[in-house]
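Chains A and B, in that order, give the protein sequences. Position one of the first sequence corresponds to residue 1 (this note's numbering), numbered consecutively onward. Position one of the second sequence corresponds to residue 267 (this note's numbering), numbered consecutively onward.
Please keep in mind that the hints were generated in silico from the structure rather than gathered at the bench. Given the structure is predicted, the values throughout are model-derived calculations rather than measurements. By construction, the Cβ of each residue, glycine as well, lies at the ideal position given by its N, Cα and C atoms. Please note that the accuracy of each hint is not assured.
[Said to hold, decoys possible] Computed list of chain A residues with no C-beta within reach of chain B, every gap over 10 Å:
1. LEU34
2. TRP37
3. GLU38
4. SER43
5. TYR62
6. ALA63
7. ASP67
8. TYR79
9. ARG107
10. PRO118
11. ARG174
12. LEU240
13. ALA247
[As the list claims (entries may be wrong)] Restraint ranges, calculated between C-beta atoms of paired labels, are given here:
14. A:GLY135 x B:PHE367: 21 to 31 Å
15. B:GLY326 x A:THR23: 47 to 57 Å
16. B:ARG593 x A:PRO68: 28 to 38 Å
17. B:ALA495 x A:LEU253: 23 to 33 Å
18. B:ALA495 x A:ARG190: 21 to 31 Å
19. A:THR23 x B:LEU432: 13 to 23 Å
20. A:ALA63 x B:VAL369: 53 to 63 Å
21. A:THR32 x B:ILE420: 42 to 52 Å
22. A:ALA66 x B:LEU432: 36 to 46 Å
23. B:ARG498 x A:PRO68: 58 to 68 Å
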Amino acid sequence: MAETGRLSLPAARAMRLRLRPVTLLRIAIIVTVLVAWEALAASGLLYRDVVPSLVAIGKQLYATLADPTFYFHLYTTFYEIGIAMIIGCLSGMVVGIALGGSKFLSRAYEAYLYYLGPCPKIIFFPIMIMWFGVGPGSKIAMGAISCFFPVALNVAGGMREIDKVLIRVGKSFRANTWQMVTKIYLPAMRHPVINGVRLGLGVALIGTLLAETKLSNRGIGFLVIQAYSIFNMPLMYSLLIILFVIAIGANALISRLGGLDSIRRS
Amino acid sequence: MSTAAALFGERQSPRTLAIAALVSFLVLCAMLARKDLIDQVLGMTPFVCKFDNSNYVTLGTALAGTAALAVFLTSLGMLFSRTNPPRSVAYALGVGSFVGFFVIVEALIQRGCINRFIVPFPSDIIAAFPRVIVEEDVLSRFLLTAGEAFSASIMVTVVGVAGGVLLYRYQLLRLATETWVAAVAAAPLVLMYPLYLVIFGRSALTIVMMGFTAGLAPIILKTLEGLSATRRVLINVGRSFNLTPSQQFWKILFPAALPTIFVGLRLGLIFSLINIVGVEFLINFGGLGQLINELAERYDLAGTYASICFVILVSVCVFVLMERLERWLRPAD
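Given the sequences, and given the hints that come with them, work out the whole structure.
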């Protein structure tokens, strides 16, 4: 998972300025897709409303963004994801540091984390409902569980991969513990930690929103599944567009803030 | 070892740290176990907040307890690292803490500290395994999920690798769309499942298509990465032998990219599998995912927990198998 989905916005921007054919091709692809979509919508080949007209989606998108209740649901989802991220990242870091710092512990426990990490977390949702109720609590728990694994594994890996030379440099300067942590360990582990948080945010988003679609009465996931059950396709498309923009934007933002573009893609 | 020592302070010996962490862990556990006592104490103070009713305080205490446990285990690890114990001790600790955890949970439920209508006895969960396997027709469910995963993985492999080759072949197309593919890989695609439900109906096709969508981007990206990373020397060797473009691809580029492609395949197939089981659970249709949903809706507690353990076991087995397969197929790096 660590290797995919890294966005390089600055690179893309530089390309757009320099390479005209690329820009043209991009515009051509987008226009083709939009025209094909509109033609499909007008042709009526598919079941009615499965492919709504772009105008309808645009109107619905505007209506959704202008609707104050949408922001209530957005706030609920953000709140759940925020708390889930705090819990998941903190516990992930504690466990990651413990595993990364001791070869013994990593031998004892890391295999479990490594194989549990990619399991579908949503199947824990029935248990989470029993433990934390049907409200936001169970969604926060889902997000936190999802977020915990990538953070823990990345922090543990990052801690092991700190260049021994850096540690020796710190020691030879007679740095005390605090200085070692703030000047050597944390800066050296910056990239894996931020990468873990980036992956964690992605899966926390999925965990929380899927939980909302399964059982809830608020949040964006609830809105999506409600749009499905009342068969309001333009609304569903507009919600998905908003969600993807938020998710991709957050991913790019974290990559950029963490300077992940500057390191070699592993 | 030195890392941990530096992080947790060299002056304190691991032994002191271990004892301190264990004590705080036990205190926090006791706090969680006897919330009523704490509330009595709180009642004597001007605090309005009740420990028992505040989920967040409980959660915070539980988290602090986990952290204390982690510190305790770390310092134990440091103690052990000094004597440099054999690997088997570490594995034994891993398995031992698993078993110990179950025993503690069993005891806590017996004592009434944990509500037995929320967490069933671990022994009941184990006892429920045969029942779930026999009565719930697990084999055919497993085969159904495996079939879905198989069709999705065939589709995702063919389309993904072909897509990667296409992007490698046409540089302009790559420059235009690689960022987009990376963005798609970062998007929470599984949330499109209601849309797929509308398009494909509530059927196995939706599940297969969801698995396909989820696994596609990593395979494309990794294929592209593998092909682009072919060593210049190898390409030049092909040129000097005057290979045709198709020979150049099949004899030089593809074999050179194969290790990276396998990494992509493993990632993509794992994504597919996660999403297939997840969507099965969410739309209550099909194989193993639906099993959990059904038992949960029947409020068959032990059965729900057992089926979750079962699905996790199955997926872990699949992951291990895939990793072995990848290592077997990959030439030595």
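Right, here's what the structure says about each hint:
Non-interface call for LEU34 of chain A relative to chain B: holds, since the shortest CB-CB distance, roughly 15 Å, exceeds 10 Å. Distance check for TRP37 of chain A against chain B: the nearest CB is about 14 Å away, which clears 10 Å, and the non-interface claim stands. Non-interface status of GLU38 of chain A relative to chain B is upheld: no Cβ of that chain comes within 10 Å, the nearest being about 18 Å off. Every C-beta of chain B lies more than 10 Å from that of SER43 of chain A, the closest at about 16 Å, which supports listing it as non-interface.
The claim that TYR62 of chain A is not at the interface with chain B holds, since no C-beta of that chain comes within 10 Å of its own (minimum 20 Å). Even its closest Cβ contact with chain B, about 19 Å, leaves ALA63 of chain A beyond 10 Å, as expected for a residue assigned away from the interface. Interface exclusion of ASP67 of chain A from chain B stands, the closest Cβ pair being 19 Å apart, more than 10 Å. For TYR79 of chain A, the shortest C-beta to C-beta distance to chain B comes to about 13 Å, beyond the 10 Å cut-off, and the non-interface label holds.
At roughly 4 Å from the closest C-beta of chain B, the C-beta of ARG107 of chain A falls inside 10 Å, breaking its exclusion from the interface. A beta-carbon of chain B comes within 10 Å of the beta-carbon of PRO118 of chain A; the shortest separation is about 5 Å. Look at ARG174 of chain A: its CB is around 12 Å from the nearest CB on chain B, clear of 10 Å, so calling it non-interface holds up. Non-interface status of LEU240 of chain A relative to chain B is broken: a Cβ of that chain comes within 10 Å, the nearest being about 6 Å off.
A beta-carbon of chain B is positioned within 10 Å of the beta-carbon of ALA247 of chain A; the least distance is around 5 Å. With their beta carbons about 28 Å apart, GLY135 of chain A and PHE367 of chain B fall inside the hinted range of 21 to 31 Å. For GLY326 of chain B paired with THR23 of chain A, a C-beta distance near 52 Å keeps the hint of 47 to 57 Å intact. Between ARG593 of chain B and PRO68 of chain A the Cβ separation comes to about 55 Å, which falls outside the hinted range of 28 to 38 Å.
Checked against the hint of 23 to 33 Å, the C-beta distance between ALA495 of chain B and LEU253 of chain A comes to roughly 28 Å, which is consistent with it. Remark: the range hint 21 to 31 Å for ALA495 of chain B to ARG190 of chain A is upheld by a beta-carbon distance near 26 Å. The beta-carbon spacing between THR23 of chain A and LEU432 of chain B, approximately 20 Å, falls within the hinted interval of 13 to 23 Å. Checked against the hint of 53 to 63 Å, the C-beta distance between ALA63 of chain A and VAL369 of chain B comes to roughly 57 Å, which is consistent with it.
Under the hint 42 to 52 Å, the C-beta atoms of THR32 of chain A and ILE420 of chain B, about 28 Å apart, miss the expected range. Between ALA66 of chain A and LEU432 of chain B the beta carbons are some 41 Å apart, a value that agrees with the proposed interval 36 to 46 Å. Checking the proposed 58 to 68 Å range against ARG498 of chain B and PRO68 of chain A shows it holds: the Cβ atoms sit about 59 Å from each other.
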